[in-house]
Structure formats: structure tokens, C-alpha cells
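Asker: Model the full structure from these sequences, guided by the hints.
Note that the protein sequences, when read in sequence, are chains A and B. Here our numbering = 1-based position in the first sequence + 175. Here our numbering = 1-based position in the second sequence + 7.
Don't read these hints as lab results, they were simulated from the structure. Be a bit skeptical, because a hint or two may be false.
[To be verified] Short, incomplete list of chain A residues facing chain B, as computed with Cβ under 8 Å: (1) G645; (2) Y652; (3) L942; (4) A1019.
Every residue gets a Cβ at the ideal spot worked out from N, C-alpha and C, and that includes glycine.
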Amino acid sequence: MPEGRLPTEFEAWFAARGWAPRPHQRDLLSIVRAGRSALLVAPTGAGKTLAGFLPSLVALSERPPSRKARGLHTLYISPLKALAVDIARNLEAPIAEMSLPIRVETRTGDTPSHKRTRQIERPPDILLTTPEQLALLIAHREAEELFSELSCVVLDELHALVTSKRGDLLSLGLARLHRLSPNLTAIGLSATVREPDDLRRYLVPQRSRSTEESGSLSFQERERRGVHDAVAPGPTPMADLVVVKGGAAPDLHLLDTGLTLPLAGHTATQAMPAIYDLIQAHRTVLIFVNTRLQAEYTFQELWRINEASLPIALHHGSLDATQRRRVEAAMAAGQLRAIVCTATLDLGIDWGDVDLVVNIGAPKGASRIMQRIGRANHRMDEPSKAYLVPGNRFEILECQAALDAVEEAAQDTPDARLGAPDVLAQHVLGMACADAFDPLELYDEIVSAAPYATLSWEDFEAVVDYVATGGYALRAYERFAKIVRGPDGLWRVRDARIAQQYRMNVGTIVESAKVKVRLARGVRGKPGAILPKGGRVLGEIEEDFADTLTPGDTFLFAGEVLRFEGLSEDEALATRAGPGTDPAIPSYAGAKFPLSTFLAARVRALIADPFEWDRLPKQVADYLLLQRQRSILPGPDGLLVETFPRSGRYYLTAFPFEGRLAHQTLGMLLTRRMERARLRPLGFAANDYGIAIWMTRDISDAIARAPGFLAELFAEDMLGDDLEAWLDESSMMKRTFRQCAVIAGLIERRYPGQKKTGRQVTMSTDLVYDVLRKHQPDHLLLRAARQDAATGLLDVARLGMMLRRIQGRITHKALDRVSPLSVSVMLEIGREKVYGEGADEILAEAEAQLLEEALG
Amino acid sequence: MRTRSWPKPKRSFSKKRWGDDRVKRPFPGQEDAILALGQRLERTIKTPSLTLAGEALILDLCGGLWLAAHRTLIVSDLHLEKGSAYAARSGQFLPPYDTRETLACLHEAVARLDPARVVALGDSFHDSRGPERMEPGDRAMVAALQAGRDWIWIAGNHDHAVSEGVGGRYAETLVMGGLTLRHEPSPDASEGEIAGHLHPCGKVAMRGRAVRRRCFVTDGKRLVMPAFGAYAGGLNVRNPVFDPLFPGGFTAHLLGDGRVFAIGKAMLARD
Chain A
176 MPEGRLPTEF EAWFAARGWA PRPHQRDLLS IVRAGRSALL VAPTGAGKTL
226 AGFLPSLVAL SERPPSRKAR GLHTLYISPL KALAVDIARN LEAPIAEMSL
276 PIRVETRTGD TPSHKRTRQI ERPPDILLTT PEQLALLIAH REAEELFSEL
326 SCVVLDELHA LVTSKRGDLL SLGLARLHRL SPNLTAIGLS ATVREPDDLR
376 RYLVPQRSRS TEESGSLSFQ ERERRGVHDA VAPGPTPMAD LVVVKGGAAP
426 DLHLLDTGLT LPLAGHTATQ AMPAIYDLIQ AHRTVLIFVN TRLQAEYTFQ
476 ELWRINEASL PIALHHGSLD ATQRRRVEAA MAAGQLRAIV CTATLDLGID
526 WGDVDLVVNI GAPKGASRIM QRIGRANHRM DEPSKAYLVP GNRFEILECQ
576 AALDAVEEAA QDTPDARLGA PDVLAQHVLG MACADAFDPL ELYDEIVSAA
626 PYATLSWEDF EAVVDYVATG GYALRAYERF AKIVRGPDGL WRVRDARIAQ
676 QYRMNVGTIV ESAKVKVRLA RGVRGKPGAI LPKGGRVLGE IEEDFADTLT
726 PGDTFLFAGE VLRFEGLSED EALATRAGPG TDPAIPSYAG AKFPLSTFLA
776 ARVRALIADP FEWDRLPKQV ADYLLLQRQR SILPGPDGLL VETFPRSGRY
826 YLTAFPFEGR LAHQTLGMLL TRRMERARLR PLGFAANDYG IAIWMTRDIS
876 DAIARAPGFL AELFAEDMLG DDLEAWLDES SMMKRTFRQC AVIAGLIERR
926 YPGQKKTGRQ VTMSTDLVYD VLRKHQPDHL LLRAARQDAA TGLLDVARLG
976 MMLRRIQGRI THKALDRVSP LSVSVMLEIG REKVYGEGAD EILAEAEAQL
1026 LEEALG
Chain B
8 MRTRSWPKPK RSFSKKRWGD DRVKRPFPGQ EDAILALGQR LERTIKTPSL
58 TLAGEALILD LCGGLWLAAH RTLIVSDLHL EKGSAYAARS GQFLPPYDTR
108 ETLACLHEAV ARLDPARVVA LGDSFHDSRG PERMEPGDRA MVAALQAGRD
158 WIWIAGNHDH AVSEGVGGRY AETLVMGGLT LRHEPSPDAS EGEIAGHLHP
208 CGKVAMRGRA VRRRCFVTDG KRLVMPAFGA YAGGLNVRNP VFDPLFPGGF
258 TAHLLGDGRV FAIGKAMLAR D
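Answerer: Spelled out as C-alpha cells, the structure:
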């Protein structure tokens, strides 16, 4: 049979539905038939999933019948449990209609244990599961047998998986599958990405670094010769690429209400009536926002003007799971006219009937916005319709940049990850649970996974040492080792209890400690008194946020204004605030994405080129014009720094356009340096576009007197000692460390038969961090935390890129008053907490209140 | 961008212009607030000291209590070898540097105050087998600290049967002047009891931030000491177990970064 041809029953099945197999579905089939792996890049609605399964369905249908129990044929991995279940349902139809002898099952955290056991004893032909479940399966004693006949692995939404530690874990699992079943083909399904080659590498084993003959060398010998340091030269292996072009261009607009937008803030209050009109004019509208706070706010505002009582729902990660399921069910049943949601619905199952997407606030990234737009109209040949709604004048610029990018189909998905050491530690323990391992073989297997392809032998050894005894210079735990090296040179897990611990702690998603929000009831006639029991659970809030609440604070949650009444065990008690109460506490943690480097560069270019301003609404062009008159415009590559006095203080503002996270880190580091230069900085504020620092000394004067002062202030070496010193105290760093510690198994998520609360974990890891930093600053987990900090909460990597970019390109403008551009970032002052770290200030203030009392 | 190995700490950067910032100093933003309070504080709190049963006590920032008249340093709940206890019991390999860290802090206080007597107020070891697991270097450190001074281990609930070989002498309780030193606060103690055991921590929440620190707790009649050990956790002083001990309320003295802060019960948040 020619490679791309389908068996007759398949052709008939397609024909019966009035379909024809699409070219990419045939292409994929012929590639897999030839025994090669492939990446399929296609827009939504292109029949990606069916394309991924078609080779397996065909192969299984052609398999001669057998009485003998057979191993697993195809494994499907999805980032979402719900997606796996949904796909299983979708596969039922073709299998039933063609009467194919194929058994499909799902395996998720919800699968009952008797079924899991049976799945290993008598595996289905196709198993649909998640990366965490794959990690558990390959750590199983029977893994070798289970996967020995595995022919195909399908990785869905691969573009989303590879950007996180889950992607690292999956890559290691994939490397193991390739070893257990050497003829395995891997199929990756992905939305459009900037660098498809990164994903193509991810799918296939990278070149092993050791050579055949050195396989027999002893551990020490190998180390002495250093054979592992030689990376094989030449091109890296990649899977084949199948690209589905185009689909209809999206029908995308900027929502211009004609009203003048503020210079800061993201609420888009003035656009609500226009958005409401859009809801009335469409079947179902998905309204994306960037934070949970914004979701709450938008939901409230829409209901305030919802005269027709249209069914509008709210969906975000903090809401109670049952409530979320209810919203999803209502959506699937076509009962809703609009859903206000956060990134929780960026991915997920197909809802079909959405005919409009509205994105409120800054788009943040070109690929992100395209993914969201694609949620409307899941048919490839119809255009997806979407509106971008800016919340302030800067966001107009960002929206315009995003519109341009979408038009050019430019992508800004992140770079390929460097595999995280904490994930590797988890995997190594898992591999010891599966079977005794030879370190050389395991090393070769691990470096065949793309994210770990550059892992050095020394770093691998450090990971094995960490897994065995904690990796401490002080060899205190040798006698308690978790994995032990036998006289045969193989490492084995010490006992069944360790394997049990591994299974309980597998996975890379570390939920931040959460507390439930429960409605408490007030006692009639007794203001302030509450009954702690009986109320309904509304959802969960991060413990970090709950910690900052004091009784009486009001905040927005689950679409209502709540009054915090206190904590009781692991629950936050709240009552409904009276009508008309404004929430006093501005925000609680939620997803907050930094502006992508790509969009930032476009925004800078847009501002720097007055010929482009025609395309912008007049209010923005006027604003930029005013900035040019009063000060100067920032250039496309340089950094504009303005200094000016204002009511007795001196201000420095700078506009790097590198996103809030990087700016916050920059603010922390700059104030440290300014403190040393005796400028007496008092605080700083940051947004996505710039930062403002205020101080008691005249900064303009200091810059005028010392040429090169600014260049030195912004010099790249702030990422040296200054960063180190700050990391010592940074609570964000401690949070990052905690996640690494959980993933690497230093801290357990829970014990067998005993659940450890997040609160306990919090306390001990902070103490552990302080002690470890002092006594072994190069410990594996601290290195892992630093690697995370570089791209995560602190965005140090991006800051470093910016500092390099602006070298020799800093433009300083000393002004006698605040410039139009600076107003935008000055408006952030007071909006957010100024300093994240100094504890003594808070304590001193509390003490002062006591003294006030005492002194009368 | 790929590098061949994971980032390692960088240690060599120019300090020529910016000076050395190794010395911990207050953050710029908080200076204001501290200075604003400065004068008033200067007048009211010279040194964090108080009187209990007629004895003058100084609350040291390290978490120890200094009785200058007796040249006695009291520290509580060292929980030495807590890290190794976890490794032995549940296979959790916490960094094994806690004993070293705790002893280093103790050494700093001893070097500064030069006490004639040191009292470890119970739970000095996390478990009774702790002394066996102690590294030789740490053991030598204990011996050096003990040299030339009276060293008393008060029995705790974790280390009631502490084995021999760690020097010093043992006692269930100790009476010094009007003070009674014991590990667990007794429900019906007379005035002047100094105890540990509870690991008190105070939490202050304001302006959208929360700070939680170890603290001394006292009502002027009795005092509960903070835990001294590097890995010792903390119990919020607003926990009901503190209520019967301090029926008339209390003041918590929180260990800040730069000094000790006296904060009243009403200002302290629950967890």
C-alpha cells in the first residue's frame, strides 16, 4: 500500500461523513509508517488530534488478531486531565463506526487503583494520560514489559508543555520510552511556534555522548578520561516537520470607545458598555483578562449593567472546583452568553460555539494572544473574531503592536528550556524505583532528552549524590542513603518505603499553600461576632495573601465584596460586605505575565517613530507629542532616564519596557546601589514599561557632577554581588527554593497516610534555605532555585539582556517637573507595596503604636 | 541561551565605587520610618530589658536572655541534630548544618557576653539519640563553649534522657535568685518563672504585608523564651495555649533584623 494511503475502511469512513483525509493527515501517516517521528504544527480546527491518532488506528486495524495478551501500542500525553478524557470520547466514534478491534483507556489521578493495576497487567491498545502519570508508569517495576511493544507516543499541546518543568519531566519520560522501545515514533502536536526546531529536537533522542567502546569503563576510569565532556559534533537529530498553513486570517480589532483612556490602570471600566453590547450581538463570548482580580472586577461591572440579565459567568483558578465544573458544563451546553476568565481557559477542550473573543488589558505576547483568539470558532477555514480592549494609553500601544504581529503571523513563544536539576533529581529516584540502574547508561539516556542534552557528567553525578544522601559536603547521611550502589556498580533504591515516598511526591506542579474561603454568618444584634461554621466554601486564596489580611479588610472574591473575619485552622472566614462597599485590599496573587521581549521591542519602535503614530488613536499620538515637547522620546534600543524634583523629593524614572518582574528586580538592585552612593532612595514603583525611584538627595545634581554616573549605576555588574546579597533576603527566592525542594523530594508533599499542610512546609523550607545558603551556597537545590529565578519570578535573564542592550545608549534628561511619560509610572506609586523585604520597618511601626498607647 | 552547566554563584564583582555591602543594613525604604521613630524610641527603650521577680533581664537579639547580675546566659530549645533526626526517621535529608549554625550563633553570644554560666533550657537536642549523631567537629565546638564556665542542661521533653558525653551538668529545674528556670511553663507557677518549650512567634500584619518572627513573651510575672535552634519552628503567640499562662495579656518582644521590638498582644495577628 502506498505510504499515505488509507485502508479501505478508513477511506469509506471519511467518505461516509462527507470528509476527505487532509494532506497533513496523510503526510503524518506516511512519516510514521516509515518509522520516523514527526512534529505537526497546525492552527486550531485543522483536525490535529485525528491526524495524531490516524497512524496508530491504521496500524492497529492491520494487526493480525492474537489470543496472546499484548503490550501497549500507543500512548497519548496531554497537559490536561480533562483533555485526555475528552479525546477518549472523540476516539470512540471512529473506532465503533469502523468496528476496529482497539481498546482505548484513560489513566489519570482519578483512575481507581484496581483499574490501574489491571491496566498494567492487561494494557489497552491506546492509553491516554498526563506527564505525571507517565512518570509513575516508567518508575513501575513492570515498566520494561509494559512498554516493550510501544510503537507510538502522541504528545498533545506540546508547545504549552515544553515551556515548564512539566516539559522537563516529560522529556525524561520520553527518553526512557525511547530506550525501552527503540523503534518508537513520537508525534508532537503543536500550535504555531517561533522555533519549531526546538520541538523537533524534543521529540527524538539527541546524540548520545559516550562511545560504544567506553561503555565498559569503570566509573572512576571514565571520570579520569573525561570522555563525557566531548559533545558529539555535527547537526542535532530532529523529527520530521509537517506544517498546516494558515486557516483564515483572524478578524481582529482594537475596541475604540472614543473615550480618553487613563495613563495607568488596567480595569477598562469605560469599555464595559461597549463590551456588553458585543455580548448582546453575539452567541457566546469568551472574555479573557490577565489577573484574577481583573476577572472579578470585570464580572461585577458587567453584571452591574446587565439589564437583560444575560447569563454571564466567571471562571478562574481560585474558584471552588465544583463551581468551575458547573460553569464549564453550562458553557458546553450552550447556556451561557459570556464567560469572564483568566488563563485557566487558554488551553482546553473544544467548546465549539464561541463566536467572539474579547481580550481586556495588555495582550502581553503575540503568541499568547493568537492562542486566545483561536478559542473562537474552532473551524480552520472561518476567521476567528476578536476584540482587544486596552485599559490605558500604554496598553493601546501594546494592543497595536499585537495587532501588527498577528497580521504578520509573528510568534514570540519562549526559548527552549534548559532542563531543571530538581526535576532530574526526581526522575533519577524514579528510575531507581523501576530497576537497578547503571549510572553510565542512565546518563546516556538522560542526555538524549533535548532539555538535558548539555548536562555534564559532573552535574549528573551531583544529582545522583543528591538523591542518595542529600548532596552535602558534610557527609552526614551516608548511613541513611535512599539509593545505594552495590558491588555490581548498580544503584538500587534502599527499600520499598522510599519507592512509596517517590510515588507520593511525583510531579512538578507545586501548588502554593492555599486556604479555603468560607462564608461565616454574622450573629444578629452582635456586630463583629460571627459563627465560624455552616457557611459555604467559595474557593481558595493563596496563603501568602491570606497572611496579609487583617480582620475587617474587604476584598473582591467569587464575584462579591467580602469582609475578612479571621482565620480558623486552615480556613479564611469571611462575611458579605454591605452593599456599596468598595474592596479595600487591592489585589491577591494571580497569573501575571510579563510583556514579551518581542512585543516590548515593537512598542519601543512604535513610540520612537512619529511616522507610525498615524495608525494610533489620536489621544495616544497627542500624548507622545506632548512627551516630545516636554522631554524626549525613548529610542528603539536605548534607555531613557528622566530625573526631576517633586514636592520635596527627587525622582528618577527609566523606561526599559522589559516587564514588571524584571523591573521589580531592577528596582531592588538600583536602590541598593543608590543607597551606597548616598542618594538616600526611599522607595520605588514599577509597571510593565518603566520604574520610578524616589529619594531625598538631588539625583540630577549627582548625575551632572559625575560623568558616567548613570552608566555605572546601570552597569551589568549589578547582577553580581548586589543580586547575591539581595537574594539572601528575597522572599520570592525563598518561594522559588521551596518549589525546587518539593520537586526534588527534599520536602515531601505528604507522607503516606498523613497529609502535611502547606503551612508546615512554608516554615521549614525558609529555615532550611537560610541555613543551606550560609553553609553550602553551591548546593544543587540552590543552583536549581537560581536557575528558576533567572527566568521566573525575578526574570534576571531578561534584566541582564536589557543591561547589555543599553550599554552606551542611556539618554538622560534632567527636568524641572514630571514628564508626560513619567506620569504613567508615577501613578503606580501607592498602588502597590513599595518594598517587598524589610521586616524591621513593619515591626517598628507596630511597636510605635504600642508606645503611643503607653505614652498616651 | 544554553550553557554547559547550571549557573554557579558569582563572587567577583567590582565594589570599587559602591563599597562593600556585606554588612547588613536597613533597607533604604524603611530607614525613614525607623528614623522617624528613632528619637522617641531612644528615650523610651535604651536597651530591651525588663525586670522579673526583681531580677534585671536583657533580651538579646540572638534570642538569648542575659542576666548580667549573675553573668548567666539562658538559651532555650536548641534542638541540636534536628536535621539528622529527620534523616534517621523519615529519609528526609535536610541540610545537616543546623547544629553547626545553632552553635555558631551561641558562640557569637558567648564571645560577646562572656558568661560565667550558660543554661540550656531544655530540648537542647531534638531527640535523645541526638548526641550520638553529632559530628566530631560540632562536639568539639560544644566542649569549647563549655570550657571555663558552668554549663547546665535543663531537661526537656525531647531530650529527657540525654546520654552522657556532652559535658556540663544536668538539672530538672534551676533557681537563681527570684527566678525559676524550667523547660515547660507550669500552669500554676509563682512569679519569676522562665521557661521555653512553646517556641513563641509573633506575627505583625500591616499595609498588605506580614512579618512573623520569634519572640520573648512576658506579662511581667513570667517569661517564655523563643526557640534558639536553627531548625526550630514557631507557634503563634495568639494560639490559645498561651492564654492560661498570661491571663492578663502579654507583650511580645520580636527578634527583628536589627533589634528587638516590643509589641502588645492586640497588635499581633493570628496565623
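Asker: Each of the hints needs a verdict: does it hold here or not?
Answerer: Evaluated hints:
1. The beta carbon of G645 of chain A is positioned within 8 Å of a beta carbon in chain B (closest approach about 3 Å), and the interface hint is therefore held.
2. A hinted interface residue such as Y652 of chain A counts as satisfied when its beta carbon comes closer than 8 Å to some beta carbon of chain B; here the least separation is about 5 Å, so the hint holds.
3. The interface hint given for L942 of chain A holds, since its Cβ lies 5 Å from the closest Cβ of chain B, which is under the 8 Å cut-off.
4. Taking 8 Å as the C-beta cut-off, the interface hint given for A1019 of chain A holds, the closest approach to chain B being about 5 Å.
Of the hints listed earlier, there is not a single one the structure fails to meet.
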